[in-house]
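Protein chains in written order, with full-length UniProt numbering: chain H, 1 to 157; chain P, 1 to 598.
It is worth saying that the hints were derived from the structure and are not from the lab.
Don't take every hint at face value.
Per label pair, the in silico range of CB-to-CB distance [what the hints assert, rightly or not]:
(1) P:Arg542 to H:Thr44: 45 to 53 Å
(2) H:Val120 to P:Ala175: 31 to 39 Å
(3) P:Ala175 to H:Leu21: 34 to 42 Å
(4) P:Asp287 to H:Arg56: 41 to 49 Å
Over the 10 Å line for every Cβ pair with chain H, so calculated as not near, a few chain P residues [what the hints assert, rightly or not]:
(5) Pro88
(6) Asp109
(7) Arg218
(8) Asn371
(9) Gly595
Ideal Cβ placement from N, Cα and C applies to all residues, glycine included.
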Amino acid sequence: MTTERGRRIDLGSVLVVEDNLEDAEAIERALRHTHPELRPEFTTRGDGLLEMLLAREALPGLVLLDLNMPGPDGHEVLAELRSRPELDDVTVVVFTSSTSPAEVDACYAAGADSYVYKPVNFTLFRTVLKGAIDYWQASRGAASHAPPVPRQQSSEA
Amino acid sequence: MTTANSRIDGIDASWPARLHSLWLAAQDVENVEEMARHVYAAMLAEDDVLAVTGSRWEGDRLRYLRVATTARSTTTTTTGAGTAAGRPVPPPEPGRAAARPLVHHHDLDAGTEGFAPEGRALAEAGAHFALESRFRLGENDWASYSVGLAERPRDAAVLTAMTARLVQLSEVLVASNRRIVEAREHERRLIEDAFLAEASLQMDASLDVQETLSRVARLAVPAVAEGCAVHLFADLGGLAPVASAHVAADVQPWLADLARDDPWFADLVDRAVRSGECVVLSGEELDGAPFGPHTDGPGQPVNAVSVSPLRARGKALGTLTFIYHRGEDAVAGTRLLDNLARRAALAIDTTTAYEQRRRHVEQLQRHLLPNALPVWPSADLYAAYEVADDSLEVGGDFYDAVVDRDGRLAVVIGDVCGRGAEAAALTGLARHTLRTLLEDGVLPELALQRLNTILLDQGTTRFVTALVAVLTPDGGGACLARVAAAGHPSPLVRRKDGLVEEVRVTGLFLGVLPDTDLQPTSLRLEAGDSLVMFTDGLTEARSASGVFFEDHLPEAVRDCVVEEPETAAGLVARMSAFRATGSDDTAVLVAHVKGTAG
Numbered sequence: 001m002t003t004e005r006g007r008r009i010d011l012g013s014v015l016v017v018e019d020n021l022e023d024a025e026a027i028e029r030a031l032r033h034t035h036p037e038l039r040p041e042f043t044t045r046g047d048g049l050l051e052m053l054l055a056r057e058a059l060p061g062l063v064l065l066d067l068n069m070p071g072p073d074g075h076e077v078l079a080e081l082r083s084r085p086e087l088d089d090v091t092v093v094v095f096t097s098s099t100s101p102a103e104v105d106a107c108y109a110a111g112a113d114s115y116v117y118k119p120v121n122f123t124l125f126r127t128v129l130k131g132a133i134d135y136w137q138a139s140r141g142a143a144s145h146a147p148p149v150p151r152q153q154s155s156e157a
Numbered sequence: 001m002t003t004a005n006s007r008i009d010g011i012d013a014s015w016p017a018r019l020h021s022l023w024l025a026a027q028d029v030e031n032v033e034e035m036a037r038h039v040y041a042a043m044l045a046e047d048d049v050l051a052v053t054g055s056r057w058e059g060d061r062l063r064y065l066r067v068a069t070t071a072r073s074t075t076t077t078t079t080g081a082g083t084a085a086g087r088p089v090p091p092p093e094p095g096r097a098a099a100r101p102l103v104h105h106h107d108l109d110a111g112t113e114g115f116a117p118e119g120r121a122l123a124e125a126g127a128h129f130a131l132e133s134r135f136r137l138g139e140n141d142w143a144s145y146s147v148g149l150a151e152r153p154r155d156a157a158v159l160t161a162m163t164a165r166l167v168q169l170s171e172v173l174v175a176s177n178r179r180i181v182e183a184r185e186h187e188r189r190l191i192e193d194a195f196l197a198e199a200s201l202q203m204d205a206s207l208d209v210q211e212t213l214s215r216v217a218r219l220a221v222p223a224v225a226e227g228c229a230v231h232l233f234a235d236l237g238g239l240a241p242v243a244s245a246h247v248a249a250d251v252q253p254w255l256a257d258l259a260r261d262d263p264w265f266a267d268l269v270d271r272a273v274r275s276g277e278c279v280v281l282s283g284e285e286l287d288g289a290p291f292g293p294h295t296d297g298p299g300q301p302v303n304a305v306s307v308s309p310l311r312a313r314g315k316a317l318g319t320l321t322f323i324y325h326r327g328e329d330a331v332a333g334t335r336l337l338d339n340l341a342r343r344a345a346l347a348i349d350t351t352t353a354y355e356q357r358r359r360h361v362e363q364l365q366r367h368l369l370p371n372a373l374p375v376w377p378s379a380d381l382y383a384a385y386e387v388a389d390d391s392l393e394v395g396g397d398f399y400d401a402v403v404d405r406d407g408r409l410a411v412v413i414g415d416v417c418g419r420g421a422e423a424a425a426l427t428g429l430a431r432h433t434l435r436t437l438l439e440d441g442v443l444p445e446l447a448l449q450r451l452n453t454i455l456l457d458q459g460t461t462r463f464v465t466a467l468v469a470v471l472t473p474d475g476g477g478a479c480l481a482r483v484a485a486a487g488h489p490s491p492l493v494r495r496k497d498g499l500v501e502e503v504r505v506t507g508l509f510l511g512v513l514p515d516t517d518l519q520p521t522s523l524r525l526e527a528g529d530s531l532v533m534f535t536d537g538l539t540e541a542r543s544a545s546g547v548f549f550e551d552h553l554p555e556a557v558r559d560c561v562v563e564e565p566e567t568a569a570g571l572v573a574r575m576s577a578f579r580a581t582g583s584d585d586t587a588v589l590v591a592h593v594k595g596t597a598g
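Pulled out of the complex, with its shape left as it was, chain H reads as follows:
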């Protein structure tokens, strides 16, 4: 799959931005079980993330973003990612331990594609992660066979 601007999207690649090592390990373990075909890549910090992505030839199909991180937090990283049209086709899933309606609204307004609550129980954790990834795989899979729909820029809305 190639974006309008010619940058390649690698749907098999998932970038996990998560500072908690236990959570990162749980995500790794869950993905290995439910989506062994995916290649997750992990980073613990949000700073430098944008530059790192822009320097790449192939962009990850999906970014799994924690909200509470030292340095720039998830909200800041999200705003940064969505400020760049080159990254429009990267799906951003916020994966966090809060269900606060205000937090959800803020993330959706800032251009997150999904907001998924991170459960404590591992089996449930795996289930919700699978649910979100399945949805976006099906969605992006369908989109790649259809003419591209221009994405609404949050800055223009």
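Go by the hints and put chain P onto chain H.
Structure of chain P alone, referenced to chain H:
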């Protein structure tokens, strides 16, 4: 014959080992497809076997067909149309869904009727003869496992041995399937229980209905489904959406619009409320729906919708709807849906009841205190009231002020012991009794004595403390005050120069003994002096080191009681800042003599 025997012996030698390894694999595999590959390989390793097939059926409907041949090591899987009409399946054994496999022999050259679509697939692989094992996996769920041979074995013993092996392999598949189904069911229960536990936690996180439901809806996507909407009966009677969530940000507004405006959706939630049971729609049942497989809403096609009614204490509260983009077979079970709906309904009921009760308490509390204090020419009045904690009980402190028929000002402060409905009722009784008597010009001690009699007549077990002061202007700017107190903390006077004195006034509290032994006292309040009355919540507040605020009260009164609107509130605020323990309600009433000749 010898050759045939030795050949059978040779297979027998390796067969138990192969069968054993299959049984081991059956304990480990995570899905039937993986197990099928092992079993197909076991049979393809046999001499003369050209191809094997596996088909899975739901009643007469073919769910899938898998074919593996010696030429191709991979299996090909097809799903789709096919009918098993007239193909007998072993009936379930008593008390079990599964049954012993039955083996059929097919001469493929004579046609493949009653053996479609496997017969054709095996014939295409060059087979002329097939052994088919049919076995039941569940009530309406059965499978067929077949092997295709170049020709019918001429040796009956070989045929018998192959038949036995087919039965053995089928039994491995049955056992493996049962274990996988049980493991999945177990995992599903674990997930459901974990989800319900987390949902309960979310429901406890807030006492606001809207917020609680938004949190539950968010938790449920994508744990239960991709979309969730909650409707509740509005005050005017109809169902109105209060929360919605979707896993995709760009689909969520669409779902919220549908939940609010779509007539089909409205009919569906009404139907669930009327039936009182969970309604699940999928496939063609979604014809006419705004999100059926054939409509062009945003996001993925919707494969199923479930609506659970929310009921608590026999009352319909609303509905909980889930929108599934995932496959129909992934629709949450009724155990989860009913359980979640029950918990959500209880949380709504509790939260609503709490909000209602808090409103009632606030209303009641307001009625127990005067709306406004009277304006009186010779003195200004200041009052403050602090509820100790966010308790849902009405407190018993009260105060009042009334100008009597001769133009004197009567001020009242009191405290009914305890909290709650009875205390509130007595508070109302005490305040209005005193007010009525004082309006008529009854002396403070007589008014208190009359209240005592009324309380004794009520037969209440609670006692009441109260203080009444009647201020009479002396015509020169000062006031004469007559003060009577029944078991109530003595008031303080703050003189204009800052000196603070206690007004010693004694008497027994009310509602216990006929004789209250009230000893009224009189004093003169000059212009600029203040009479400071309060309940024991003020004096009994304690600091962390155990000191009572009473010890600091003269100083606090000297500093705080100055001629400004916040006088009484300032005193209460100072006490609040001091208090570490003790959480009684507190009322403060201050009468400040202005010095206007009246």
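Hint-by-hint comparison with the structure:
1. P:Arg542 to H:Thr44: 45 to 53 Å: holds, 49 Å
2. H:Val120 to P:Ala175: 31 to 39 Å: The hinted range 31 to 39 Å holds for Val120 of chain H and Ala175 of chain P, with Cβ atoms some 35 Å apart.
3. P:Ala175 to H:Leu21: 34 to 42 Å: Holds: the Cβ-Cβ distance is about 41 Å, inside 34 to 42 Å.
4. P:Asp287 to H:Arg56: 41 to 49 Å: holds, 46 Å
5. Pro88: holds, 39 Å
6. Asp109: holds, 44 Å
7. Arg218: violated, 5 Å
8. Asn371: Non-interface label stands for Asn371 of chain P: nearest chain H Cβ at 37 Å, farther than 10 Å.
9. Gly595: holds, 54 Å
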